[in-house]
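**Q** Residue numbers (the numbering used here), protein chains in the order written: chain F, 76 to 494; chain P, 613 to 865.
Mixed in with the good hints there might be a few duds.
Derived DMTMM-like pairs: lysine to aspartate or glutamate, alpha-carbon spacing no greater than 20 Å straight-line [what the hints assert, rightly or not]:
| hint | chain 1 | residue 1 | chain 2 | residue 2 |
| --- | --- | --- | --- | --- |
| 1 | F | Lys255 | F | Asp219 |
| 2 | F | Lys338 | F | Asp312 |
| 3 | F | Lys84 | P | Glu660 |
| 4 | F | Lys84 | P | Glu689 |
| 5 | F | Lys255 | F | Asp271 |
| 6 | F | Lys338 | F | Glu302 |
Source of the hints: derived by calculation from the structure; they are not laboratory data.
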Amino acid sequence: MAILGLAWKSLVNRRATAALTVFSIALSVTLLVGVDRLRHEARASFANTISGTDLIVGARSGGIQLLLYSVFRIGSPTNNMGWASYQDLANHPRVAWTVPISLGDSHRGYRVMGTTTAYFQHYRYGRDRALAFAAGGPFDDLYDAVLGAQVVRQLGYRLGDELVVAHGAADVDFTRHEDKPFRVAGILRATGTPVDHTVHVSLQAIEAIHVGWQGGAPMPGFEVPAERLRAMDLTPDEITAVLVGLTSRMAAFQVQRYVNDYKAEPLTAILPGVALSELWNLMAVAENALLVVAAFVVVVGLVGMLTALLASLNERRREMAILRSVGARPVHVFALIMGEAGVLTLGGIGLGLALLYGLVLSARAVMAQHLGLHIAVTAPGGGEVMLLGAVAVAGFVVGIIPAYRAYRLSLADGLSIRV
Amino acid sequence: MSDGTTGTHGQAPAGDTAVIRIRDLAFRWHPRESVVLALHELMVERGEQVFIEGPSGSGKSTLLGLLAGVSVARQGEVRVLDRRLDTLGAAARDHFRAHHIGYIFQMFNLIPYLSMTDNVILPCRFSRRRRQRALQRSPSLEAEALRLLGHLDMDEPAFHRRPVTALSVGQQQRVAAARALMGSPELLIADEPTSALDGDRRESFLRLLFDECRASGATLVFVSHDRSLEGLFQRTIRLADINGAVLTTATGG
Ligand SMILES: Nc1ncnc2c1ncn2[C@@H]1O[C@H](COP(=O)(O)OP(=O)(O)OP(=O)(O)O)[C@@H](O)[C@H]1O
Ligand SMILES: [Mg+2]
């Protein structure tokens, strides 16, 4: 249509203000879609804090509580599960692998977790990512430790350094396992999961450093030298939880029922994916608030466009009269302003998307390395297309205001030129 | 020539050659306001070049608005090219104007963001009829625009590269005249297009305009309060004399 060509030329003529308007809309679109994408990535990444594990089993408790201490190392279990129960579970025909974990000690604010080398083999996060070593390897010796990336970054350990583990979560002097120092045998790559904040040792080591302890304190006169412990049987009596892999996903409910109905002691089995999304939903308010703020920024951008268009109208009344004199109808005048609003909005959306992709491409590597957040470069998804559509509709609705005003003015002015 | 006034009151010639025929018109801007324009009869023949003279506020622009179909008469008859504008709907009047009327304003006729040729071509964007007529004369709209600009001494290449706002007022008015003539509309309406020009340039502009109107067979209705121009026209109509409305601003009567 001829009038859209006019709208375009008129914008080109006022390119400085038009470019600013497009840019402000673009920034708000980048923010809106960026927040939405980050929200989804964060959710997906959170849901994949632990993946590939079909069930998590621990002493009877709430599902989220079990998830919090076994995966996020937040809080402590009120009860442990017995080694015999663990053996029963590991021997269940549907169970492919198990990773027992034992929590309770800490090192300078970081949780110490006892486990087996199966952990490094079976633990998955993200979209089926395995743990990888930045240096060294799994623990081999009784007093070997494997550190998460964040522990190393904060405390500056290197391979071969010694560290002392404290009893309980509080690192207080008198409860340190001073006599049994550990040696750093491996350093893990960043995962963006709680693994980064964990000091891993073997289950036997956890057992060894507690020999001769009772009620959270060493019993005087019962200290056993570190080297003599090597000869002892260090099979634990109890563990905190078990990560379970099944022979088939289908078996999850069957095994879950087996665990929940286990007679010898009360146990709980959770599906980590379900528990994770329950936990995420607790935080959904903050997530939505962020999106609402981003939406308001878009409104601000569109109000900027409204201001620019309305301000230009008065000086354009002459132009409207000229257009009317060559046969333009008042609806043409309406369409001219709507066309400008449309070009500004769509231009803003296009530039906004370009900015977003530029940002994602350039920040991708850094985000993956430091936050463990893996943002995929994909075409806008359904939700994003809806958001962009909403911005476009809002832009056109906002455009109606100056367009209608221009329409009224050109009806009233007719061919008389007013400035 | 001052005789022209009485000519409008005389017996009208055969209707088929009249481009404008107004009868018993009474126009008021608002229903509650008084009548600004009351014309018993006003006729303009095809091909005529008419000068409508009147003091400020006598209703010249109001009359042109009625002829261009922007305002509507609620009382009386306004016929342009044998079409009753007073009974046409708003959209039909806009189309009528696009097809049949070229309009020149007093000043600042050009759209600042369009090039000189785009300004001249503008009427063809709103009227298929004028586009076709322009294309009958020249192979393309641009060629026709340049042809008209050439006739008005505006074909210097330097002008084409400049934004239209950088042209002098006289040059802008010639571009406006070319636009009004584009696609050969039957009726050219000019609302004091020379008031910003000095004496010499005013006359040369008018002669160019006359020549072009004659060449395309267009009728010219030219409005001004400047009596010094009337000698150049075939006929003069003194609006104050034929306007029956009692105007507070009008001095004549
Ligand atoms: N849009 C309008 N609404 C209301 N009244 C108007 C409007 N336009 C003109 N008038 C009134 O109609 C009368 C005639 O005005 P008009 O503009 O036709 O005069 P004019 O002869 O063109 O004067 P000038 O030589 O100053 O241009 C004036 O009293 C004016 O105030
Ligand atoms: Mg006037």
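**Q** Has the given pair, Lys338/F with Asp312/F, been kept, meaning a C-alpha gap of at most 20 Å?
**A** holds (18 Å)
**Q** Take a quick look at whether Lys255/F and Asp271/F sit within 20 Å of each other, Cα to Cα.
**A** Distance ~23 Å between Lys255/F and Asp271/F Cα, so the pair is violated.
**Q** Given the proposed pairing of Lys338/F with Glu302/F, does the C-alpha separation stay at or below 20 Å?
**A** violated (39 Å)
**Q** For the pair we were handed, Lys84/F and Glu689/P, check the Cα-Cα distance against 20 Å.
**A** violated (40 Å)
**Q** Given the hint that Lys255/F pairs with Asp219/F, test it: the Cα-Cα distance must not exceed 20 Å.
**A** holds (11 Å)
**Q** Please work out if Lys84/F and Glu660/P have their alpha carbons no farther apart than 20 Å.
**A** violated (38 Å)
Figure legend: structure checked against the earlier numbered hints; hints not met, in rising order: 3, 4, 5, 6.
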